[in-house]
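Q: Listed below, chain by chain, are the residues.
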Amino acid sequence: MSFIALAAAAGLAIALVAGPVGCFVVWRRMAYFGDSLAHAALLGVGVGLMLDLNLSLTILAVCLLSVPLILLLTNSQHVADDTALGILSHASLAIGITSVSLAAGGTLDLSSFLFGDILALSEADVATVIAMCITVGVVLAKFWRQLVYVTIHFELASVEGVPSRRLEVMLMLLIAVLVAVGMQVVGALLIGSLLIVPAAAAGLLAGNPERMAWISAMFASAAIMGGLAMSWFIDTPAGPSAVVVATGIFAFAKLLSLRS
Amino acid sequence: MSNLLSLQHIHFQHKGRTILQDVSLTLDAGQIVTLIGPSGAGKTTLVRIALGLLKPSSGSCSRKAKLRIGYVPQKVVVNQLMPLTVERFLATSNCERKMLHDICEQVSIQHLLNQRMNNLSGGEMQRVLLAKALLVKPQLLVLDEPVQGVDVTGQAELYQLIQDISKRLHCAVLMVSHDLHLVMSATDTVVCMNNHVCCHGHPESVSAHPAYLELFGKNIEPSLALYTHHHNHVHDGCNHDVANIDEENKA
Numbered sequence: 001m002s003f004i005a006l007a008a009a010a011g012l013a014i015a016l017v018a019g020p021v022g023c024f025v026v027w028r029r030m031a032y033f034g035d036s037l038a039h040a041a042l043l044g045v046g047v048g049l050m051l052d053l054n055l056s057l058t059i060l061a062v063c064l065l066s067v068p069l070i071l072l073l074t075n076s077q078h079v080a081d082d083t084a085l086g087i088l089s090h091a092s093l094a095i096g097i098t099s100v101s102l103a104a105g106g107t108l109d110l111s112s113f114l115f116g117d118i119l120a121l122s123e124a125d126v127a128t129v130i131a132m133c134i135t136v137g138v139v140l141a142k143f144w145r146q147l148v149y150v151t152i153h154f155e156l157a158s159v160e161g162v163p164s165r166r167l168e169v170m171l172m173l174l175i176a177v178l179v180a181v182g183m184q185v186v187g188a189l190l191i192g193s194l195l196i197v198p199a200a201a202a203g204l205l206a207g208n209p210e211r212m213a214w215i216s217a218m219f220a221s222a223a224i225m226g227g228l229a230m231s232w233f234i235d236t237p238a239g240p241s242a243v244v245v246a247t248g249i250f251a252f253a254k255l256l257s258l259r260s
Numbered sequence: 001m002s003n004l005l006s007l008q009h010i011h012f013q014h015k016g017r018t019i020l021q022d023v024s025l026t027l028d029a030g031q032i033v034t035l036i037g038p039s040g041a042g043k044t045t046l047v048r049i050a051l052g053l054l055k056p057s058s059g060s061c062s063r064k065a066k067l068r069i070g071y072v073p074q075k076v077v078v079n080q081l082m083p084l085t086v087e088r089f090l091a092t093s094n095c096e097r098k099m100l101h102d103i104c105e106q107v108s109i110q111h112l113l114n115q116r117m118n119n120l121s122g123g124e125m126q127r128v129l130l131a132k133a134l135l136v137k138p139q140l141l142v143l144d145e146p147v148q149g150v151d152v153t154g155q156a157e158l159y160q161l162i163q164d165i166s167k168r169l170h171c172a173v174l175m176v177s178h179d180l181h182l183v184m185s186a187t188d189t190v191v192c193m194n195n196h197v198c199c200h201g202h203p204e205s206v207s208a209h210p211a212y213l214e215l216f217g218k219n220i221e222p223s224l225a226l227y228t229h230h231h232n233h234v235h236d237g238c239n240h241d242v243a244n245i246d247e248e249n250k251a
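Protein chains in written order, with the numbering used here: chain L, 1 to 260; chain V, 1 to 251.
Note that these hints are calculated values from the structure, not bench results.
These numbers come from a predicted model, not from an experiment.
Using N, Cα and C, we set each Cβ at its ideal position, and we do this for glycine too.
One thing to keep in mind: the hints can contain errors.
[To be verified] Capping the alpha-carbon separation at 16 Å, the derived lysine to aspartate or glutamate pairs in EDC-like fashion look like this:
1) Lys55(V) to Glu155(L)
2) Lys66(V) to Asp22(V)
3) Lys137(V) to Asp164(V)
4) Lys75(V) to Glu155(L)
5) Lys55(V) to Glu96(V)
6) Lys64(V) to Asp28(V)
[Claimed, not checked] Residues on chain L that point at chain V, a partial pick, calculated with CB under 10 Å:
7) Arg29
8) Ile152
9) Ser158
10) Gly207
11) Thr247
Sequences are here, hints too, so could you generate the full structure?
A: What follows is the structure in structure tokens.
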């Protein structure tokens with residue numbers, strides 16, 4: 001398969017899941033949480049290189065392990081303790097970059113981790129990305145209604161027998177998996193925006209939570225495809241280009257919502 | 001044991017502070033119990049323990065097996081970017097459409113179904129939350145400050161509505177209120193608390209109890225004055241209401 005088809009397959013898989021997951025990130029004000037995880041992913045790269053481990057697995061493990069750490073630090077059931085997250089987020093960014101350059105002795109190009117390297121994916125990489133995205137997507141679909149309920153009102157859902165706390169933690173783990181996978185495709189600095197920007201644009205236009213998730217998935221896909229097209233035709237880096245397209249979509253959605 | 005809910009010798013401590021001390025409370029079918037007390041008195045904590053959202057430090061909380069609880073929180077605020085209509089909000093409980101529409105009619109919110117949750121006024125929000133609680137066919141309704149953000153006429157109407165619903169569904173009600181006089185007619189038992197139970201009983205006996213007067217003594221007059229004021233601009237035909245309340249004030 002040509003590299004561009006592989007890139008499109010991986011990008012679309014991530015976009016279709018990042019759209020709906022991003023809705024929760026927006027609704028629950030977890031933008032900072034997403035960024036912290038992305039920076040933790042970079043720490044994963046450093047650790048993986050230093051100990052000579054499989055990079056994808058190390059990134060995934062570090063992202064998943066940061067969830068309990070973040071919960072411990074923020075010490076609240078509704079997250080968003082922005083100071084604690086800020087410390088954790090930037091500390092892992094700094095430690096990650098330091099350890100990567102220590103491990104690779106300055107020969108490694110950091111930018112592929114910061115901005116992604118969607119055009120360099122192998123067939124095995126893409127298969128892994130798709131499998132992970134399907135897993136996250138299926139779990140999200142199965143618990144969608146309950147997750148929406150918990151997001152609307154934690155206690156109300158609990159009284160009606162919804163295991164609110166467990167669902168919240170599960171959502172965080174799902175985001176961690178998506179960030180770990182997405183980071184290798186669109187980069188640590190930009191995966192957060194793929195979660196937030198399409199969802200925010202969809203929120204301006206949709207009439208109910210479910211439609212918002214679909215529109216968000218469509219917007220995220222359009223952003224990825226647009227980014228790849230820009231990369232193909234005018235030779236810009238694919239990850240940042242995708243975010244540029246997503247931002248354009250958001251601006252357009254904002255204009256539309258102002259008109260109506 | 002026939003009680004719907006039985007709280008026995010509840011103690012609750014949080015970060016070294018005693019919030020509840022030896023609080024006991026029971027509720028039977030059809031009974032309306034109101035918790036009153038100053039802010040920080042532990043009313044909401046007690047409600048959360050009754051709902052099973054919090055575990056007491058010591059003491060026991062037992063609910064009747066498979067007790068269906070309808071919970072009315074103070075308010076529901078969703079993110080501006082969450083497109084949530086009243087209808088979609090109500091549909092988070094699994095119930096039939098027919099029942100949903102019947103209940104909306106009972107609490108007069110049919111016209112709000114397509115409204116966004118964030119655009120509701122205080123009174124509309126409380127009615128929507130009440131409808132939500134009724135969807136689970138509750139045997140026990142738990143309301144935490146059900147009249148917050150509602151104007152005084154609306155408050156009296158809401159209490160009346162809660163009382164009517166309790167009678168019609170024969171369900172017990174546990175509610176938190178800050179104003180004894182507004183709930184007086186709509187409640188069977190008042191529990192006046194300030195981290196412990198100061199006094200409890202029929203609303204009229206509580207309102208004369210020294211422990212109550214010590215806690216609330218100074219608050220009584222302004223709330224009644226406000227109540228009267230609000231009825232001053234009622235149209236002709238309802239004047240007797242104004243007169244009655246004025247007389248009560250003088251008494």
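Q: A separate judgement is required for each hint: does it hold in the structure or not?
A: Structure-based check of each hint:
| no. | hint | verdict |
| --- | --- | --- |
| 1 | Lys55(V) to Glu155(L) | holds, 14 Å |
| 2 | Lys66(V) to Asp22(V) | violated, 26 Å |
| 3 | Lys137(V) to Asp164(V) | holds, 15 Å |
| 4 | Lys75(V) to Glu155(L) | holds, 11 Å |
| 5 | Lys55(V) to Glu96(V) | violated, 33 Å |
| 6 | Lys64(V) to Asp28(V) | holds, 10 Å |
| 7 | Arg29 | holds, 7 Å |
| 8 | Ile152 | holds, 6 Å |
| 9 | Ser158 | holds, 6 Å |
| 10 | Gly207 | holds, 5 Å |
| 11 | Thr247 | violated, 16 Å |
Hint check: violations occur at hints 2, 5 and 11; the rest are consistent with the structure.
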